[in-house]
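There are 2 protein chains.
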Amino acid sequence: MTAASPVLVFLDPAHPEGRIADAGQPQLMATDLGATRGDGVFESLLAVDGRPRKLQAHLDRLARSAATMELDIPPAADWRAAIATAVAAHPAAEELVIKLLVTRGVEGAGRPTCWVSAALPGPAGRVQRENGIDVLLLDRGYDSTIAERAPWLLMGAKTLSYAVNMAALRYAHEHGADDVIFLSSDGKVLEGPTSTVLLAHIEDGVKRLITPQLDTGILPGTTQGALFAAARNAGWELGYGPLEPEDLLDADAVWLVSSIRLLARVNHIDGKPIGKDPALAQELTRELAAMLAEEDGI
Amino acid sequence: MTAASPVLVFLDPAHPEGRIADAGQPQLMATDLGATRGDGVFESLLAVDGRPRKLQAHLDRLARSAATMELDIPPAADWRAAIATAVAAHPAAEELVIKLLVTRGVEGAGRPTCWVSAALPGPAGRVQRENGIDVLLLDRGYDSTIAERAPWLLMGAKTLSYAVNMAALRYAHEHGADDVIFLSSDGKVLEGPTSTVLLAHIEDGVKRLITPQLDTGILPGTTQGALFAAARNAGWELGYGPLEPEDLLDADAVWLVSSIRLLARVNHIDGKPIGKDPALAQELTRELAAMLAEEDGI
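Protein chains in written order, with our numbering: chain A, 1 to 298; chain B, 1 to 298.
In case anyone wonders, no lab produced these hints; they're calculated from the structure.
Where is the CB? At the ideal position from N, CA and C, for every residue including glycine.
Careful: at least some of the hints might be erroneous.
Now the in silico label distances, taken between C-beta atoms and shown as ranges [stated by the list, open to error]: (1) H15/A - G122/B: 47 to 57 Å; (2) A63/A - P220/B: 37 to 47 Å; (3) H175/B - D72/A: 13 to 23 Å; (4) D186/A - E95/B: 38 to 48 Å.
Based on the provided sequences and hints, a complete structural model is requested.
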């Protein structure tokens, strides 16, 4: 098995534990609205030593995304059973990338297509986790108040319509960077195409961990949520935006956090080095990475 | 065969005329980036009596969308061959909905998945074509100058990431309307989720057909293009936006035009009747519909 051919487990009323399907064969209908309209929702999470991390947070977010899209999906227990089946098919894997996928289903059928995939992680995430990343600031085109006004824009739902997110990453790669931080059209810091933005400020010995506020329409980050809970327990102060690019450039450290790559320290933003004291930034990164390593089932 | 189970023809180097596939069986890999990221492009067009309409215009737009997405797709000749194979499988069909689909392909494979589907049209388009439609104005969230500034937003490409377009249509249906006209955040008229906006003004006997200008990031409409060419030949004046909601409310007629539903007259926008003289609006609709019926292979 390679990362490109995962274990597939479809949610299927006839198979309470999920139906294992051959990932080497076509499994989706060509008229599935996931494939023809990007019409669906998903989650990606990490399993370590057979144990999915932050599973309830991901199931909760999947349910919220589905509700935003008016998709009626199976209950959490069915997802948990299918995930357990997928993980059990990889008894020796240390780390697994678990994806939960829901499409609106085959055109005209009126019921979603739901499956779980479990694959070995690729090498890119680990490299970026260790070396940090260079980031470009790109305009997401929406102002920071749009989410409240325009529910049809599906802000805050993790939909399958990720073409813009993928295009932004391609744009970054073609311009010598690894990743992107999106800004709103009114200049507020939003999120990465597949990650949440975090920054740290240290003042008079007080450590403060800050993330953009959610009412800008960004996705609520499960890793950010877990890290905030752990950092608060460790005595950090917590803060929520609004943030502007200056706040990133002034920070003692900036990270993009996500469930698979975990904590990726930002070395440069638009070519400018981030964090006046690299040793401090690395120390903060180690401290937060240790919290994440201990985090379990939050 | 029903509308939900079309004829499928995959583009395949081993089959120069295209490879016919069983639409009743799964044909897509679960790791295809079309299904997992809405990462691809498409076109929809009508074939009448076995003859695809505006085929070159659709192939040109598919190629432009693919170039915007940095997708390397087969040449037009391969698409024409596959379309001919798909159409030939429906010898008795008066009208066929032809879809051309491209995804970025199976994760890691590095080559797109390309197919053509040909299905009988559903009844909804014909009903709306005959009775007209009620429309809501909804904010698309982008300002009208974003396309030039932010190529990563893929404005003007017809991508598979249509979740927002589908959500806007659901919102309209739940609020008593049939369709949507998107506005930019700075109040300019853009397009429908699956159509182009046209309006007519008659002044001193001069008929003027107007559509929003393309630099707002809207999709260049193949039906609008064909209608503009035909209307110019028939002595109409042509105009291009910027348009604001007032221009729609003041028009003698407003339409949403697209390749399958063709010309759908807008009866109400946000509950307000459109066109002071319904008889005139119907006459204009008949005149343009006759042009479209004659339009062939433009």
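Outcome of the hint check:
1. H15/A - G122/B: 47 to 57 Å: Check failed, 32 Å falls outside 47 to 57 Å.
2. A63/A - P220/B: 37 to 47 Å: About 39 Å separates the Cβ atoms of A63/A and P220/B, which means 37 to 47 Å holds.
3. H175/B - D72/A: 13 to 23 Å: 21 Å, holds
4. D186/A - E95/B: 38 to 48 Å: Holds, at about 47 Å.
Going down the numbered hints, you'll see the structure goes against just number 1.
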